[in-house]
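Trainee: Single-letter residue listing:
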Amino acid sequence: MSAASVTVLPRRTPPTILVVEGDVRIRYRVSDELRAWGFKVLEAGSAPEALTVLDAVPVDLLVLALDLPVAGSGWDVVRHIRERPAPTKMIVTSGEADPPGSLEPFVRKPYQTAEVARLAADSLNWPPPTQA
Amino acid sequence: MSTSSTHLSAEADTPLQTILVVEDEVLIRLVVAEYLRECGYRVHEAVSAQEAILILQAPEVSVDIVFSDVEMPGEMDGFGLARWVRSNKPETQVILTSGAERSADIAGTLCEAGPLMKKPYHTQEVVDRIKQLRATAKRF
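Protein sequences, first through last, are from chains D and U.
The opening position of the first sequence corresponds to residue 1 in full-length UniProt numbering, with each subsequent residue numbered one higher.
The opening position of the second sequence corresponds to residue 1 in full-length UniProt numbering, with each subsequent residue numbered one higher.
Treat the hints with care, since some could be wrong.
Where chain U lies over chain D, by a calculated footprint (3+ residues, C-beta under 8 angstroms) [as the list claims (entries may be wrong)]:
{"id": "1", "stretch": "81–88"}
{"id": "2", "stretch": "118–127"}
Some chain D residues near chain U, calculated using beta-carbon distances under 7 angstroms [to be verified]:
{"id": "3", "residue": "24"}
{"id": "4", "residue": "25"}
{"id": "5", "residue": "28"}
Everything labelled a hint here was simulated from the structure, so no lab data went into it.
Just so it is clear, CB atoms sit at the ideal spot from N, CA and C, and this is done for glycine as well.
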């Protein structure tokens with residue numbers, strides 16, 4: 001067998017996504033979907049939890065619900081992110097009307113988890129699972 | 001899309017096992033859940049007993065073991081959750097964890113709910129305890 005012409009590309013480390021969602025039924029479904037796409041997924045159930053994780057762990061993308069039910073809102077997390085020197089990418093979700101300003105991409109609840117995963121993959125230049 | 005096919009079993013000759021980690025301290029929950037995933041388990045996370053029950057009641061979810069903190073805010077603590085599991089999901093096993101000595105004593109009344117682990121614990125201890133619990137269950 002010839003020793004030439006075989007190139008092995010380094011395997012890319014999966015991006016880390018933080019899912020911030022107060023409804024646990026939505027949180028585990030979208031988190032499972034994102035894991036199936038190969039992402040490393042962290043979960044937070046509230047704004048204070050999200051801020052704790054963001055201060056402790058490097059995160060490449062947030063999937064952030066603006067309509068968090070307790071202890072602060074998704075807007076607290078948005079303000080925290082925007083104050084950073086290098087703001088983390090976000091996909092925002094809500095059951096309410098479209099958010100004001102430039103919060104994009106925005107996904108209205110109820111949503112298909114695959115839609116969020118596709119947006120995350122596009123944002124992070126990550127291949128869909130069939131190509132992973 | 002189904003996620004089960006993307007996860008490896010913790011042991012090659014056993015079916016995939018699902019662990020529900022119930023912990024209100026997010027960084028502890030994150031570390032334990034990630035460690036268990038790296039060991040090959042499928043893991044769900046809950047912030048509270050109320051969230052845990054919502055996951056356990058979901059028709060598409062089948063949990064083998066609940067790994068829960070005892071002290072949690074809200075109307076139900078880990079002991080209450082263990083009682084709920086015993087009444088409503090008797091096939092699901094429970095591991096309780098706590099830093100309080102008193103909790104260890106109370107746990108004696110919940111022997112069916114499984115052993116109680118004292119904090120701080122090493123994440124490998126969690127995996128060892130789960131394997132031990134599953135091995136015990138297989139004998140009956």
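Trainee: Taking the hints in turn, state whether each one holds.
Mentor: Hint-by-hint comparison with the structure:
Counting residues of the stretch 81–88 of chain D whose CB lies closer than 8 angstroms to any CB of chain U gives 0, so the stated coverage by that chain is violated, three being the minimum. Counting residues of the stretch 118–127 of chain D whose C-beta lies closer than 8 angstroms to any C-beta of chain U gives 0; at least three are required, and the coverage claim is violated. The criterion of a C-beta within 7 angstroms of any C-beta in chain U is met by residue 24 of chain D, whose closest approach is roughly 4 angstroms, and the hint holds. Look at residue 25 of chain D: its Cβ gets to within about 6 angstroms of chain U, closer than 7 angstroms, so that hint holds up.
Because the smallest distance between the Cβ of residue 28 of chain D and any Cβ of chain U comes to about 5 angstroms, under 7 angstroms, the interface hint for this residue holds.
The structure fails to meet hints 1 and 2 from the earlier list, while all remaining hints are met.
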